[in-house]
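Novice: Residues per chain are reported as follows:
There are 2 protein chains.
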Amino acid sequence: MVGSVMAADLAAGGGFEVTVADRSPAALERMRKHAGDRIRTVQVDLADRDAVVTLVRGADVVLGAAASAIGLQLLRSVIEAGAPYCDISFMPESALELDAEARRRGVTAIVDCGVAPGMSNLLAAASARRLDRAESVAIYVGGLPSERRLPFQYKAAFAPADVLEEYTRPARLVEHGQVVTRAALTEPEFLEFAGIGTLEAFNTDGLRSLLHTLDVPFMKEKTLRYPGHRALMEAFRDAGLFDKTLRSVGSATVRPLDVTSAILFPQWTYGEGEEDLTVMRVIVTGRRGGHAARLSWDLFDRRDPHTGATSMARTTAFPCTIVARLIASGRVRRPGVAAPEALAGDDAIVEHILAEHERRGVMYCLTEEEGSRAACA
Amino acid sequence: MVGSVMAADLAAGGGFEVTVADRSPAALERMRKHAGDRIRTVQVDLADRDAVVTLVRGADVVLGAAASAIGLQLLRSVIEAGAPYCDISFMPESALELDAEARRRGVTAIVDCGVAPGMSNLLAAASARRLDRAESVAIYVGGLPSERRLPFQYKAAFAPADVLEEYTRPARLVEHGQVVTRAALTEPEFLEFAGIGTLEAFNTDGLRSLLHTLDVPFMKEKTLRYPGHRALMEAFRDAGLFDKTLRSVGSATVRPLDVTSAILFPQWTYGEGEEDLTVMRVIVTGRRGGHAARLSWDLFDRRDPHTGATSMARTTAFPCTIVARLIASGRVRRPGVAAPEALAGDDAIVEHILAEHERRGVMYCLTEEEGSRAACA
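First to last, the protein sequences are chains A and B.
Our numbering applies: residue 423 is where the first sequence begins, and numbers increase by one.
Our numbering applies: residue 423 is where the second sequence begins, and numbers increase by one.
These are calculated hints, taken from the structure and not from any lab test.
Careful, some of the hints might be misleading.
Same chains, same names: a pair is fine if it fits in one copy or spans any two.
As a list, the in silico SDA-like pairs of lysine to any residue whose alpha-carbon atoms are at most 25 angstroms apart [claimed, not checked]:
#, residue 1, residue 2
1, Lys666, His456
2, Lys666, Arg552
3, Lys666, Glu515
4, Lys455, Arg724
5, Lys455, Thr691
6, Lys666, Thr603
7, Lys666, Arg555
8, Lys455, Ala653
9, Lys666, Pro582
10, Lys666, Gly480
11, Lys666, Phe687
12, Lys666, Arg571
13, Lys455, Ala481
14, Lys455, Gly628
15, Lys666, Arg677
16, Lys666, Asp680
17, Lys666, Ser490
18, Lys455, Glu790
19, Lys666, Ser516
20, Lys666, Ile685
Remember, predicted model here, so these are calculated numbers, not experimental data.
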């Protein structure tokens, strides 16, 4: 879903010779239809270490958009090949365990480089740097269908199983400098968004690397949905529909989660041409020049009617292609494995990433408030 | 659940020698514990025609409280034995198909003789008779737990499978004298009830015999639940969780309804000593003496703390035992198969049934409004 947008972005302008690798011939066929003769495709199992090492050795930059289950193995292979890397595989493991190995080989690898995690990390860290003292970071993010249809008012632009995982895995937050854990779907709050109205936010486990890299005493990440979805999912979860324990039903033995997934996922799949949108707000508060200050970044993006690329694909692909280009050009050179907040120390890099998003039609709007003043940059 | 309350009611006062028949030794053992040596128990398969005929022949009256699936067969057997009958098996088929046979044999059989169907039919028909012209009948009824616990705010005092059936089977209503069909769970409305607050009513297929026996141009039956339950069940249904179509999940093949039932039913079962309550309102409107008139019957009943009998069991058992006593005493003699509205033509019978309920602590309160006057009888 995202890889084709990344390939098309890299092929545009002719600066790169682009090779797309996938295990699935059908996926490669779709890729050729989408990007035509501007790219080369090759059938490779990305979980196959030797094949990946051979494939990527000598590349100016490698972009990873694999299934999360093979994300860490793919990262390991690319580091072994000594190729610079930028990734949106969102592996469940901590990629930082390969940091020392990447440093040793002089490989720059930026992981979690999508919209959230990704731009959320970069903007949170960059905003915290702009303050004398950052007190809180709040990240609100959601991918939604434009049309709100009951009962779910929701479709998933990425693997729906990962969505249900978000609804069940305990969320880690930072309060008073300590990591605390809350049940997913808890602490609902309503927020207003121009062009869309009221959305409901709730705890999910989305801070990831920020838990360790950013020293701000209060941090939380919440998922945004249309009001009502959260309560329904809470009812499903509390009723036991997401349980992973095997259960006998007549002569069959099933996990409730598998049955619920089989029922829900077809309904959560976007149809051809159906519009999705992406909403994100990153709020950082603190003190600056003796005043209370608040920096708020807003993203509101819709599916591109010209290319047909979903908003999820656009907003996730572009951070990765923009940073990959920075790596390939040598402007970003930072041996080791890091998340995008590692780039927040260089204002010019942050500005470049935002400007490149704007050039692709994805607008991040900053509202700064200090004392009683407010201004949108 | 209901049979033991019926047996205890009949045994009280010593007017009857009571025999309880059931296929299950465990059920009979529970019955003996409950009613002690006042009743006789006998193990009989109520679907076995010969056994039932032998058992009931010569009885002063037979009460039926069987699983709905064998209700019609049981009725057939009792008619064949020539025994008078009063039943709450709520069979899915129309019992009236046995009307001619019962007439031929001179057998009085009153079916659907519980609270709803049952008292609802009797009160609707009796109220319609009190008006010069009845224009509408609305029946609102629900069995609920006293404690409202999320996500369901509901427990089932009878077979939960029948509850899900109510939530899926299309509801038949009468509008402008015509039977019309609406999806279950539709046309929600909020009603206020003293002692409990706001409840939500929605269409279910509960008019049964009234569709054919009562000539009133507008009739509807709605189920009452705590607000929120309806929307959740609608979401479950619309999501496909109540689907009866087989579906492959991994290596297993299951019906979603079976899996959902296996998950929900344990949560919908009343625990030992947990209080249930029964709420019913029957509203009949029309014209009387040149004025608009409105008769409204209210039932609000709780579990009996002394006997431990659930409110559902009490309110369902007593119409049946009271009418059975009327049949046994010869006060009700009406060869054929009929529902309780057939008794509405005799004011003394209706008053007797209400008084006998009152003696057992189940109170039906009538509010009459005519023009601008209102009075609670």
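Novice: Now look at each hint and say whether the structure bears it out.
Specialist: Hints versus structure:
{"no.": "1", "hint": "Lys666 / His456", "result": "neither (38 angstroms within a copy, 40 angstroms between copies)"}
{"no.": "2", "hint": "Lys666 / Arg552", "result": "neither (45 angstroms within a copy, 59 angstroms between copies)"}
{"no.": "3", "hint": "Lys666 / Glu515", "result": "within (21 angstroms within a copy, 40 angstroms between copies)"}
{"no.": "4", "hint": "Lys455 / Arg724", "result": "within (23 angstroms within a copy, 68 angstroms between copies)"}
{"no.": "5", "hint": "Lys455 / Thr691", "result": "within (21 angstroms within a copy, 56 angstroms between copies)"}
{"no.": "6", "hint": "Lys666 / Thr603", "result": "within (21 angstroms within a copy, 39 angstroms between copies)"}
{"no.": "7", "hint": "Lys666 / Arg555", "result": "neither (44 angstroms within a copy, 59 angstroms between copies)"}
{"no.": "8", "hint": "Lys455 / Ala653", "result": "neither (41 angstroms within a copy, 44 angstroms between copies)"}
{"no.": "9", "hint": "Lys666 / Pro582", "result": "both (16 angstroms within a copy, 24 angstroms between copies)"}
{"no.": "10", "hint": "Lys666 / Gly480", "result": "neither (44 angstroms within a copy, 56 angstroms between copies)"}
{"no.": "11", "hint": "Lys666 / Phe687", "result": "both (17 angstroms within a copy, 18 angstroms between copies)"}
{"no.": "12", "hint": "Lys666 / Arg571", "result": "between (28 angstroms within a copy, 23 angstroms between copies)"}
{"no.": "13", "hint": "Lys455 / Ala481", "result": "within (24 angstroms within a copy, 82 angstroms between copies)"}
{"no.": "14", "hint": "Lys455 / Gly628", "result": "neither (34 angstroms within a copy, 57 angstroms between copies)"}
{"no.": "15", "hint": "Lys666 / Arg677", "result": "both (5 angstroms within a copy, 18 angstroms between copies)"}
{"no.": "16", "hint": "Lys666 / Asp680", "result": "both (8 angstroms within a copy, 17 angstroms between copies)"}
{"no.": "17", "hint": "Lys666 / Ser490", "result": "within (20 angstroms within a copy, 34 angstroms between copies)"}
{"no.": "18", "hint": "Lys455 / Glu790", "result": "neither (44 angstroms within a copy, 75 angstroms between copies)"}
{"no.": "19", "hint": "Lys666 / Ser516", "result": "within (24 angstroms within a copy, 43 angstroms between copies)"}
{"no.": "20", "hint": "Lys666 / Ile685", "result": "both (15 angstroms within a copy, 12 angstroms between copies)"}
Consistency with the previously given hints fails for numbers 1, 2, 7, 8, 10, 14, 18, ordered from lowest to highest.
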